[in-house]
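K.L.:
Make the full structure from the sequences, and use the hints.
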Amino acid sequence: MNIMKNIFSTLFIIIGIWQFFATINYFKTLKTSGGKSTSAFSPMAIWFSFILAIIFIILGLGSLFNWL
2 MNIMKNIFST
12 LFIIIGIWQF
22 FATINYFKTL
32 KTSGGKSTSA
42 FSPMAIWFSF
52 ILAIIFIILG
62 LGSLFNWL
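Throughout the sequence shown, residue numbering follows this note's numbering, covering 2 to 69 in sequence.
For the record, the hints were derived by calculation from the structure and aren't laboratory data. Some clues are possibly wrong.
Said to hold, decoys possible - Below 25 Å or equal to it, Euclidean Cα-Cα: the simulated SDA-like pairs (lysine to any residue) are:
#1 Lys32 / Ile18
#2 Lys32 / Ile16
#3 Lys29 / Ser10
#4 Lys32 / Trp48
#5 Lys29 / Phe49
To be verified - What follows is a list of derived Cβ distance ranges for each label pair:
#6 Trp19 / Pro44: 17 to 27 Å
#7 Ser38 / Gly63: 33 to 43 Å
#8 Ala41 / Asn3: 14 to 24 Å
#9 Lys37 / Gly63: 20 to 30 Å
#10 Ile52 / Ile8: 18 to 28 Å
#11 Lys6 / Gly36: 42 to 52 Å
#12 Trp68 / Ile16: 15 to 25 Å
Glycine included, every Cβ here is placed at the ideal spot set by N, Cα and C.
P.N.:
Put into structure tokens, the structure is as follows:
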């Protein structure tokens with residue numbers, strides 16, 4: 002059971018890191034090529050994506066080190 006917990010914890014951390022880099026990439030793309038046709042919800046999507054990345058990383062670390 003401990004091995005499965007470590008695998009899922011590592012998976013959550015990897016997903017959180019990937020989400021963080023995807024957020025940065027989308028922000029850079031939006032900054033360089035965003036215009037009038039860009040959705041008004043894009044800033045909210047960036048913030049939600051950043052918060053989701055932090056949550057995934059915290060859940061992964063918390064589960065890995067038995068903080069939760």
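K.L.:
Give a verdict on every hint.
P.N.:
Tested hints:
1. Taken as a hint, the Lys32 and Ile18 pair is honoured in the structure, with Cα atoms around 21 Å apart against an allowance of 25 Å.
2. Straight-line distance between C-alpha atoms of Lys32 and Ile16 comes to about 24 Å, which keeps the hinted pair within the 25 Å bound.
3. Distance check on the hinted pair: Lys29 and Ser10 sit about 29 Å apart at the alpha-carbon level, beyond 25 Å; violated.
4. With a C-alpha separation of about 14 Å, the suggested pairing of Lys32 with Trp48 holds against the 25 Å cut-off.
5. A hinted pair counts as satisfied when its Cα atoms are at most 25 Å apart, and Lys29 with Phe49 qualifies at roughly 16 Å.
6. Evaluation of the 17 to 27 Å hint for Trp19 and Pro44 yields a pass: the beta carbon distance comes to about 21 Å.
7. Remark: the range hint 33 to 43 Å for Ser38 to Gly63 is upheld by a beta-carbon distance near 41 Å.
8. About 47 Å separates the C-beta atoms of Ala41 and Asn3, a value inconsistent with the hinted range of 14 to 24 Å.
9. The supplied range of 20 to 30 Å is broken by Lys37 and Gly63, whose beta-carbon atoms lie about 42 Å from each other.
10. For Ile52 and Ile8, the hinted distance range of 18 to 28 Å is satisfied, since their beta carbons lie about 25 Å from each other.
11. Restraint check, Lys6 to Gly36: a C-beta distance of roughly 46 Å satisfies the suggested window 42 to 52 Å.
12. Evaluation of the 15 to 25 Å hint for Trp68 and Ile16 yields a pass: the beta carbon distance comes to about 18 Å.
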